[in-house]
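Starting from the known structure of chain B, arrange chain D on it as the hints suggest.
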Amino acid sequence: MIDFSLLNRILRTPGEVAARCRDEQDVNSIARTALFTLALSATAFGAAVGAWRGGRQIVFAAMKMPIGILGTLVLAAPAFYALSAVFGRPWPLRSVLSLVLAAGARFSLVLLAMTPPLWLTINFDAPYELIKLTATLVYGLAGLAGLEVLVRGLGDGAGRRTTIGLFVGVFLLIGAQNAWVLRPYFGTPGVKEVHLFTTEREGGLAVQLYRTVGQLTGGHR
Amino acid sequence: MTTTNHQNSHTHVPPSADPWKSWSEQLLGSPDAAGFRREGIRLAVATGLASLFGVALGLRAGGPGIVVHAFGVALGILGVCGLAVPALAIILAMANAPIDVLGLARATARSAANAGLLLAGLAPGAALFAVTVEDALTVTLVGVGALGLAGVLAMRSFVRELRPELDAAEAGLLSRVALPAFLLFAAVLGARIWWVTLPLVRGAT
Numbered sequence: 001m002i003d004f005s006l007l008n009r010i011l012r013t014p015g016e017v018a019a020r021c022r023d024e025q026d027v028n029s030i031a032r033t034a035l036f037t038l039a040l041s042a043t044a045f046g047a048a049v050g051a052w053r054g055g056r057q058i059v060f061a062a063m064k065m066p067i068g069i070l071g072t073l074v075l076a077a078p079a080f081y082a083l084s085a086v087f088g089r090p091w092p093l094r095s096v097l098s099l100v101l102a103a104g105a106r107f108s109l110v111l112l113a114m115t116p117p118l119w120l121t122i123n124f125d126a127p128y129e130l131i132k133l134t135a136t137l138v139y140g141l142a143g144l145a146g147l148e149v150l151v152r153g154l155g156d157g158a159g160r161r162t163t164i165g166l167f168v169g170v171f172l173l174i175g176a177q178n179a180w181v182l183r184p185y186f187g188t189p190g191v192k193e194v195h196l197f198t199t200e201r202e203g204g205l206a207v208q209l210y211r212t213v214g215q216l217t218g219g220h221r
Numbered sequence: 222m223t224t225t226n227h228q229n230s231h232t233h234v235p236p237s238a239d240p241w242k243s244w245s246e247q248l249l250g251s252p253d254a255a256g257f258r259r260e261g262i263r264l265a266v267a268t269g270l271a272s273l274f275g276v277a278l279g280l281r282a283g284g285p286g287i288v289v290h291a292f293g294v295a296l297g298i299l300g301v302c303g304l305a306v307p308a309l310a311i312i313l314a315m316a317n318a319p320i321d322v323l324g325l326a327r328a329t330a331r332s333a334a335n336a337g338l339l340l341a342g343l344a345p346g347a348a349l350f351a352v353t354v355e356d357a358l359t360v361t362l363v364g365v366g367a368l369g370l371a372g373v374l375a376m377r378s379f380v381r382e383l384r385p386e387l388d389a390a391e392a393g394l395l396s397r398v399a400l401p402a403f404l405l406f407a408a409v410l411g412a413r414i415w416w417v418t419l420p421l422v423r424g425a426t
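Those protein sequences? They're chains B and D, same order as listed.
Residue 108 in the working numbering is what sits at position 108 of the first sequence, and the numbering runs on without skipping anything.
If you want the working numbering, it's the 1-based position in the second sequence plus 221.
Since the hints were made in silico from the structure, they are not lab data.
Positions of the beta carbon are idealized from the N, C-alpha and C atoms, including for glycine.
Be a bit skeptical, because a hint or two may be false.
Unchecked claim - Just some of the chain D residues that point at chain B, by a computed CB distance under 10 Å: (1) S243; (2) S245; (3) Q247; (4) L248; (5) A336; (6) L340; (7) A341; (8) A348; (9) L349; (10) T353; (11) E355; (12) D356; (13) V363; (14) A367.
Chain B extracted, bound-state conformation (with noise of 0.2 Å):
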């Protein structure tokens, strides 16, 4: 099921499996070996998110974490091809797809392999907001890792950054408002009962972001 050589490529030489997504090689053995990985790894790293509170919590951790990220990327990669088509790259719909998803495998493995600090993080009893802290620093190493493939992917030539420019943004948007439907993964401290979905309403993305800078101004409580 898994190509581990195709794994130690990903991680080793990015731009040459993102080369060989362009030219459609190999398209079905990247696109297998990148879901199973993504499912796997995202699998571990929600159990451990999960670890904070404990119990059933981290079987809805672990269970949503996959189709947060999975569901991010069916999402977003009609908007990379899109992106790439317009700036110049109006490659098939399947070498863009087999791209996305090798960038998926790269991010899914650095979250795999942060995943056992984390763990040793919430193993040690670290503060509620440190946990998070981690988790997002973890995210944000595993997107880098991800998107090293795609810029490789895209090769010289204009329109490069512009592309990757708009996708990102695409991409935090739709992952973030994906972690908000999913919430919780931590649990709400103070809140004994464990949920697979938050039943309170708290506004959106962008009235959380809202009252986040309100607060961090001091203009809003």
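The following block gives chain D in isolation, referenced to the frame of chain B:
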């Protein structure tokens, strides 16, 4: 097969070669032999793709709202193509600019294709926001942002298509002023059509 002794012969493509083109390359490409029929099809595909974004926004209201938003997004593109471009064609003809009607139609259809493809690509993400976000403000921001980006990229494509011909022919003042004025008019017209036809852009819940 033609062989050459060029130093960069590995990049040489024989003149007779007919390379396979992806669907998006055919949609956004600019074959010189294309006629009005081909450009009409391209425009129809572009508006169809753009209406997918309208469907995504309309999912928030559901029912007739889906049709209203799909129609509204497509109408914004068709409105600019049908009202603003003919006006530009008349001004360019008055200025004796070296751009024929087919060239203008090609630039218009390609611009619409750029906008349509981008909006279709953003449609799945927009559908997520339309269906899951509690406050309407976020959906309005997402919708306006995507429509604005599509408009900017369409204009970029239009200018890239026409500017070289105007520059090469050392066009007069009227021709040079006509293009920026058209872009401003097209932006205002497109925004106005979307404002009138899309309830979500007006902030409706």
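Status of the hints after comparison with the structure:
1. S243: holds (4 Å)
2. S245: This hint holds: S245(D) lies near chain B, its Cβ roughly 4 Å from the closest one there, short of 10 Å.
3. Q247: Because about 8 Å separates Q247(D) from the closest Cβ in chain B, which is inside the 10 Å limit, the hint holds.
4. L248: holds (8 Å)
5. A336: Holds - the Cβ of A336(D) comes within 10 Å of chain B, reaching about 9 Å at its closest.
6. L340: OK, holds: L340(D) within 10 Å of chain B, min 8 Å.
7. A341: Result: holds, 6 Å to nearest chain B Cβ.
8. A348: Holds, because the Cβ-Cβ distance from A348(D) to chain B comes to roughly 8 Å (cut-off 10 Å).
9. L349: Holds, because the Cβ-Cβ distance from L349(D) to chain B comes to roughly 6 Å (cut-off 10 Å).
10. T353: holds (5 Å)
11. E355: holds (5 Å)
12. D356: Where the cut-off is 10 Å and the nearest Cβ of chain B is about 4 Å from D356(D), the hint holds.
13. V363: holds (7 Å)
14. A367: This hint holds: A367(D) lies near chain B, its Cβ roughly 9 Å from the closest one there, short of 10 Å.
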